[in-house]
Amino acid sequence: KNEVEQSPQNLTAQEGEFITINCSYSVGISALHWLQQHPGGGIVSLFMLSSGKKKHGRLIATINIQEKHSSLHITASHPRDSAVYICAVEGTSGSRLTFGEGTQLTVNP
Amino acid sequence: ETGVTQTPRHLVMGMTNKKSLKCEQHLGHNAMYWYKQSAKKPLELMFVYNFKEQTENNSVPSRFSPECPNSSHLFLHLHTLQPEDSALYLCASSQELGGRAGEVAKNIQYFGAGTRLSVL
Chain Z
92 KNEVEQSPQN
102 LTAQEGEFIT
112 INCSYSVGIS
122 ALHWLQQHPG
132 GGIVSLFMLS
142 SGKKKHGRLI
152 ATINIQEKHS
162 SLHITASHPR
172 DSAVYICAVE
182 GTSGSRLTFG
192 EGTQLTVNP
Chain R
-5 ETGVTQTPRH
5 LVMGMTNKKS
15 LKCEQHLGHN
25 AMYWYKQSAK
35 KPLELMFVYN
45 FKEQTENNSV
55 PSRFSPECPN
65 SSHLFLHLHT
75 LQPEDSALYL
85 CASSQELGGR
95 AGEVAKNIQY
105 FGAGTRLSVL
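Chains as they are written, first to last, in this note's numbering: chain Z, 92 to 200; chain R, -5 to 114.
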């Protein structure tokens, strides 16, 4: 069992829908990262958070340290949001990241 | 544009070839990383360098040989690879390694676009 579990693995939505991607982890962490990977491979860091909630445009990330759970929300989804969203946790002893398998999001027009 | 450039973007090689992947970052970072991403699997950390010194080798076979001549450049030398080594190889950099509590922003990793490697 992977230390970082994401759900769902695949998600298809219609443009405009509210989207939630979940991440659960089983180890102590110093921070949790949400990353976006577009077709072709490039990865972009969306959020790094260690508590509470962060918002950037239509993206919202929340984390519950006690429950070892984080969610990534996308409001008013758009086809350009189609990508793989990856959750990664940073251990307490350094910046080594442990990654989830990713969630493939497809937003149809 | 993340400030981390990888070349080549695509590489096809035979099992007896020797090739090198290159990564360059223009962010003034001190830590650099090599990752392997295989289909349907999470990213796997391969190597970590901090101030040009290797700090982590995640049990990577010796047919992968990293080189870090300075904090801005990272190479991955490949020789006698196997077909199962076909994957996307990603380079990343961060300001530093293991930042102190309250300085976690220094641990954000910036990724290159990757090299898609096919071993025939």
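Don't read these hints as lab results, they were simulated from the structure.
Beta carbons are placed, not taken as given, at the ideal position from N, Cα and C, and that holds for glycine.
Check before you lean on any hint, since a few could be wrong.
Said to hold, decoys possible - DSSO-like cross-link-like pairs, simulated, lysine-lysine; straight-line CA separation at most 30 Å:
1) R/46 / R/12
2) R/16 / R/35
3) R/46 / R/35
4) R/46 / R/13
5) Z/144 / R/35
6) R/34 / R/12
7) R/12 / Z/146
8) R/35 / R/13
9) R/13 / R/30
10) Z/145 / R/34
11) Z/146 / R/46
12) Z/145 / Z/159
13) R/30 / R/16
14) Z/144 / R/34
15) Z/159 / R/34
16) R/16 / Z/159
17) Z/145 / R/35
18) Z/145 / R/30
19) Z/144 / Z/159
20) R/16 / R/34
21) R/13 / R/34
22) Z/146 / Z/159
23) R/46 / R/30
24) Z/159 / R/35
25) R/16 / R/46
26) R/12 / R/35
27) R/30 / R/12
Stated by the list, open to error - Some chain R residues close to chain Z (C-beta under 10 Å, calculated; not the full set):
28) -4
29) 2
30) 27
31) 57
32) 78
33) 82
34) 91
35) 102
36) 104
37) 106
38) 107
39) 114
Honestly, which of those hints from before does the structure not fit? Violated hints (numbers, rising): 7, 11, 16, 29, 31, 32, 39; every other hint is consistent with the structure.
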